[in-house]
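Peer 1: If you want the building blocks of each chain, they are given just below.
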Amino acid sequence: VIAAVDAGLLFQLLLQGISLGAVFALLGLGIVLIYKSSGVMNFAHGSMAMFSTYIYFELMRSTPLGVAGAAIVSVVVGAALGAAVYLLVFRRMQGSGLLAKVIASLAVAGLLQGIAGYVWRDAAQAKVALAVEGSVRLPGGSLSWQEILTIFVTLAAGVALIALLRRSTFGIRLRATAQNRMAARMLGVRDNRVAATSWAIGGGLAALAGVLVIPLGALTTISMSGFMVRGFVAAAVGGLVSLPAALIGGFSLGVLQDVIIGTPLASVSRLLAGVGIAVLLLLRVERFFALEQEIRALEETG
Amino acid sequence: MTGSRGLHRLIAALAIAAALGSCALFQPERLAVRTQVSETMPGVAVTQAPGVAPTPTSGARVVFQPGSAGRAGSKANYASDDGVTAGEIRIGTVQPFDGPAAALGRPLYNTTQAYVNWINSRGGINGRRVRLFLQTACINCEKENRIAVKALVEEKKVFAIVNTYMNTYAFGAALKYLNDKKVPLIQGWSGVGADRAVWGAGQTAWNVYYTMRNEVAVHVYAAWLDKVMRSWMSAGRIPQGDFSAGTVSLDVPQDNRRAAEFEKAWKRYGTDHRVTRKERVAAEEESVTRMDSVVSAIQRSGAQAVFSASNITMVFGMQAASRQSWHVPWVAKSAWGRAATDNCGAACNGGYTDNNGWGWPGVNTPQMRQYKDVMARYYPDSTDDAQTLGGWIGMMAFEYGAGGLGADLKRGPLMDILTNLQSFDTGIGAVIDTRDTARLGERDAAADHLGMGQFMMLQICDNRFWRVTDWMGRGSKPRMLSNSGSRCGWGYP
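Line by line, the protein sequences give chains A and B. Using my numbering, the first residue of the first sequence is number 1, and each one after it goes up by one. Using my numbering, the first residue of the second sequence is number 1, and each one after it goes up by one.
Calculated directly from the structure, the hints in this document are not laboratory data. The beta carbon of each residue, even a glycine, is placed where N, CA and C say it ideally should be. Be careful, since some hints might not be right.
[Stated by the list, open to error] Partial chain A-side listing against chain B, Cβ under 8 Å, derived:
| # | residue |
| --- | --- |
| 1 | E58 |
| 2 | S144 |
| 3 | T220 |
| 4 | I222 |
[To be verified] Residues from chain A that keep clear of chain B, each with C-beta distances beyond 12 Å, as calculated:
| # | residue |
| --- | --- |
| 5 | A68 |
| 6 | V76 |
| 7 | G95 |
| 8 | R121 |
| 9 | L130 |
| 10 | V136 |
| 11 | Q146 |
| 12 | L165 |
| 13 | G171 |
| 14 | N180 |
| 15 | R185 |
| 16 | L187 |
| 17 | L216 |
| 18 | A218 |
| 19 | G254 |
| 20 | I260 |
Let's have the full structure, built from the sequences with the hints guiding it.
Peer 2: Below, the structure is given as C-alpha cells:
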C-alpha cells in the first residue's frame with residue numbers, strides 16, 4: 001500500500017483537502033452555534049447557504065456592487081435569514097422534541113429550495129464569479145487563490161467565534177443557555193435573544209461558506225446539500241457543541257476525504273467515511289471537546 | 001434519564017445516517033406528483049388536406065420532409081386505437097420542470113409543443129390534429145416517472161409518449177409499464193441512453209429513440225482524442241508519443257461502462273495508448289466537492305488527456321483543471337447544452353463533445369430551415385442544442401410513422417415502421433437505421449432501437465459550441481473542419 005502512494009499527489013491532495021475542509025468547518029461552526037443556542041439540528045443549513053449564495057449571484061448579476069460588496073450584503077442577508085428562521089419557526093418549538101425540530105428544519109430546507117427554484121428559475125444552474133482569480137504554485141502542488149481565501153476566512157471566523165464565546169458577555173450567556181436554559185433564564189439571560197443572535201451568526205457563516213465554495217462549481221438549489229452533510233459530520237466530532245472540535249473535524253474530514261483519493265483505498269473511500277462516522281459516534285469522541293454537562297443538557301432539552 | 005439520553009443519541013445518529021444516505025439517494029426534485037395532467041397549449045384547427053407520405057423501402061434512402069406526411073386514400077379516419085379518433089391524436093410527454101433538471105425538461109417540452117403547433121397549423125396528421133399532454137416528474141425518481149406515464153395513459157388516454165428525458169434507471173419502471181401496456185415511447189432525445197446491458201430486447205419492444213449507441217460512440221471519441229493529442233504533440237504542448245489518458249465518470253453503471261468501453265477502444269491504438277487513471281465521482285455534488293482532487297490524481301498519474309463519460313464531470317473537471325493550470329485535451333460524452341457553456345466559461349475552452357447525432361443548426365437543408373422557422377415562431381427564445389434538435393427529430397419520426405399509416409393509425413404498425421427505418425434521412429441529424437442487422441454490422445444489437453451511426457464533434461470555445469468535424473462514425477478518419485470558426489483551434493486559444 002505504501003509503495004503505491006505518490007507523495008507528490010498526497011501533498012497536492014492535502015492542500016486541496018484543507019481548503020475543502022475549511023468549507024465543512026464553516027458550516028460545522030454554524031451548525032454547532034445553532035444547536036448550542038436552541039437545541040435544533042439545523043438540516044436547513046445547506047439551503048440557507050444556497051439561498052444567500054443566490055442573493056450573491058443576483059447582486060453580481062444585477063448591480064455594480066462588485067465581489068466584496070455583494071459578499072457582504074449576502075452575508076448580512078444570510079444572517080437576517082437565520083434570525084428570521086429562528087423567530088418564525090423554532091422559537092415557537094422550544095417545547096418540542098428533537099425529532100419535531102429536525103422535521104421542521106427539513107421543511108424549512110424544502111421551502112427555501114422551492115422559493116429559490118421559483119425566483120431564480122432562469123438560473124437553475126448558474127455560474128457564480130470567483131472572488132479571486134488565479135492560482136499559486138507551491139512546491140509539489142498548486143492551489144487557487146479562492147481556495148486559499150477560503151482557508152483564511154474559515155480560520156479567522158473560527159478564531160473570532162471561539163474568542164466571542166470565551167470572552168464576551170454574549171458567549172457567557174450562550175454557554176449558560178446551552179447548559180441550563182431554565183437557570184439561565186432565571187438569572188436574567190434573554191435566551192430567545194441569544195438564540196436569535198446565534199442563528200444570525202450561523203446564517204451568516206452559511207452564506208460565507210456558499211459564497212466561497214459555490215464558485216468552484218455551479219449554483220443550483222441543491223448545491224450545498226453534500227457540503228451540509230459533511231458540515232454535520234464536522235459538528236458531530238464535538239457532539240454538536242464544541243466550536244474548536246467543529247473546526248478540527250471539518251479540516252480533518254476534508255483532508256481525509258481528499259488524501260484517500262491518492263491511496264489504493266480510494267475505491268472504498270465512501271465505505272470508510274461511513275465506518276469512520278460510526279466509530280466517532282460509538283466512541284463518543286465529543287467527550288474530549290465538550291463538557292459532559294453541556295452535551296447532556298442539550299440532549300435532554302433538545 | 002439514561003433512557004432518554006440514549007433515545008436522543010439514537011435519533012441524532014439516525015438523522016445523521018439518514019442525511020448521509022441521502023447523498024446517494026437524494027432526489028431534489030421529488031415534489032408532489034401532479035396527478036392532474038394538463039393540456040398546455042390549445043391545438044390549432046385543421047385547415048389543410050393531408051399530402052402523401054413516403055413509406056420505408058428496402059435499400060433506398062428515404063428523405064423525409066415534414067409536411068409531406070399523410071397517406072392518400074379513400075378510407076375515412078376513425079378511432080383506430082386508444083388515443084386516436086377521427087379528428088385527434090393524443091400524445092403525452094414527461095419532463096422534469098423543477099430544480100436544475102428544468103434546464104433539460106423545459107426546452108425539450110417547448111420544442112415538442114412547437115412541433116405539435118406546427119403540425120396542427122398544417123392541418124394535423126392525415127387530418128387529425130395532435131394534442132400534447134404534459135406530465136412533470138423528477139428526473140431521478142422512478143416512482144414519479146411511472147406514475148406520470150400511467151396518468152398519461154390511463155387518465156388522458158394518450159396514444160403514445162414522446163420525447164421524455166429518459167434517465168436510464170429512473171425511467172426503468174415507466175418503460176416496463178409502457179411495454180406491458182404496449183404504448184409506444186418515441187424520442188429523439190434521451191439523457192443517458194439505454195443499452196442492451198441495462199435493458200433486454202423484451203423490455204424495449206415499445207421503445208424507440210434515435211441516437212448513437214455508447215459502445216460505438218467510444219470508438220469515435222478515441223479516434224478524435226488520438227487526433228487531438230497528435231496535434232498537440234506536433235505543437236509541442238504535450239510530450240511526443242505519450243498517449244496516456246485518464247478517464248472520469250459519474251459512478252453509475254452506464255457511465256462506468258462507457259469509461260471502460262473507451263479504455264478498450266483507446267488501447268486498440270497500440271501499447272502506447274494507456275489509461276493511467278480511472279476516476280469515479282459518486283454524485284452530482286461530489287463532482288464539486290472532490291473534483292479538484294480527482295483532477296489532481298489524474299494529472300499526477302501522468303495523463304496527457306482526459307475522457308469524461310458525462311457532461312457533468314467535464315464541466316466541473318475542466319474548471320478544476322483550469323484552477324490547477326493543467327491544460328490538456330478533454331473529450332466528453334454529450335455535453336452539448338447550456339449546462340456546459342453557462343457553467344464553465346473560459347475554463348472549458350478547447351473541450352470537445354459530440355452532438356449525439358442530432359445535427360447542427362449550421363447545416364443548410366430544407367428540414368433545418370423548417371426547424372428554424374418553426375422555432376422562431378413558437379419558441380423564439382430557444383437555443384439550438386441537444387434538447388431542441390433531439391426533440392425535433394423525435395417528433396419528425398412520429399409524424400413520419402403516423403402519417404404513413406393514414407386512417408389506420410395503430411400502435412403496433414407504428415412501431416413496425418419506427419423500428420425498421422432504413423437509411424432514413426431527416427435532413428436534421430445523422431441518417432437513421434433502426435434495423436438490427438444494419439447497425440454498423442453489429443448483428444447482436446437487438447436489445448434497443450437506437451439508430452444513428454454517426455455524430456459530429458463539437459468544440460466549446462468562448463461560451464459557444466462550434467462544429468469542428470463532419471459526420472463521424474466508427475472507422476471514420478477524423479478531420480477538423482478548416483472553417484469551424486472557433487478561435488480555439490486544436491485546443492486552447
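Peer 1: Beyond 12 Å from every chain B Cβ: check whether that's true for R185/A.
Peer 2: 21 Å, holds
Peer 1: Taking C-beta pairs only, is L216/A more than 12 Å away from all of chain B?
Peer 2: 6 Å, violated
Peer 1: Given T220/A as an interface hint, is its Cβ closer than 8 Å to any Cβ of chain B?
Peer 2: At about 4 Å, which falls below the 8 Å cut-off, the nearest Cβ of chain B leaves the hint on T220/A intact, so it holds.
Peer 1: Against chain B, does G171/A hold up as non-interface, every C-beta pair farther apart than 12 Å?
Peer 2: 24 Å, holds
Peer 1: With 12 Å as the threshold, tell me whether I260/A passes as away from chain B on beta-carbon distances.
Peer 2: At roughly 9 Å from the nearest Cβ of chain B, I260/A sits no farther out than 12 Å, so the non-interface label is violated.
Peer 1: Would V76/A pass as off the interface with chain B, using Cβ distances and a cut of 12 Å?
Peer 2: 25 Å, holds
Peer 1: Taking the minimum C-beta separation from Q146/A to chain B, is that value above 12 Å?
Peer 2: 8 Å, violated
Peer 1: Against chain B, does R121/A keep a CB gap of more than 12 Å to every residue?
Peer 2: Answer for R121/A: violated, closest chain B Cβ roughly 7 Å.
Peer 1: Report holds or violated for the interface hint on E58/A, using the least CB-CB distance to chain B and a cut-off of 8 Å.
Peer 2: 16 Å, violated
Peer 1: Evaluate the condition: distance from the CB of V136/A to the nearest CB of chain B exceeds 12 Å.
Peer 2: Given that some Cβ of chain B is not farther than 12 Å from that of V136/A, nearest at about 10 Å, it is violated.
Peer 1: G95/A: least C-beta distance to chain B exceeds 12 Å?
Peer 2: 15 Å, holds
Peer 1: Does L165/A clear chain B by more than 12 Å, comparing its Cβ with all Cβ atoms of that chain?
Peer 2: 22 Å, holds
Of the numbered hints given earlier, the model fails hints 1, 8, 9, 10, 11, 17, 18, 19 and 20; all others are met.
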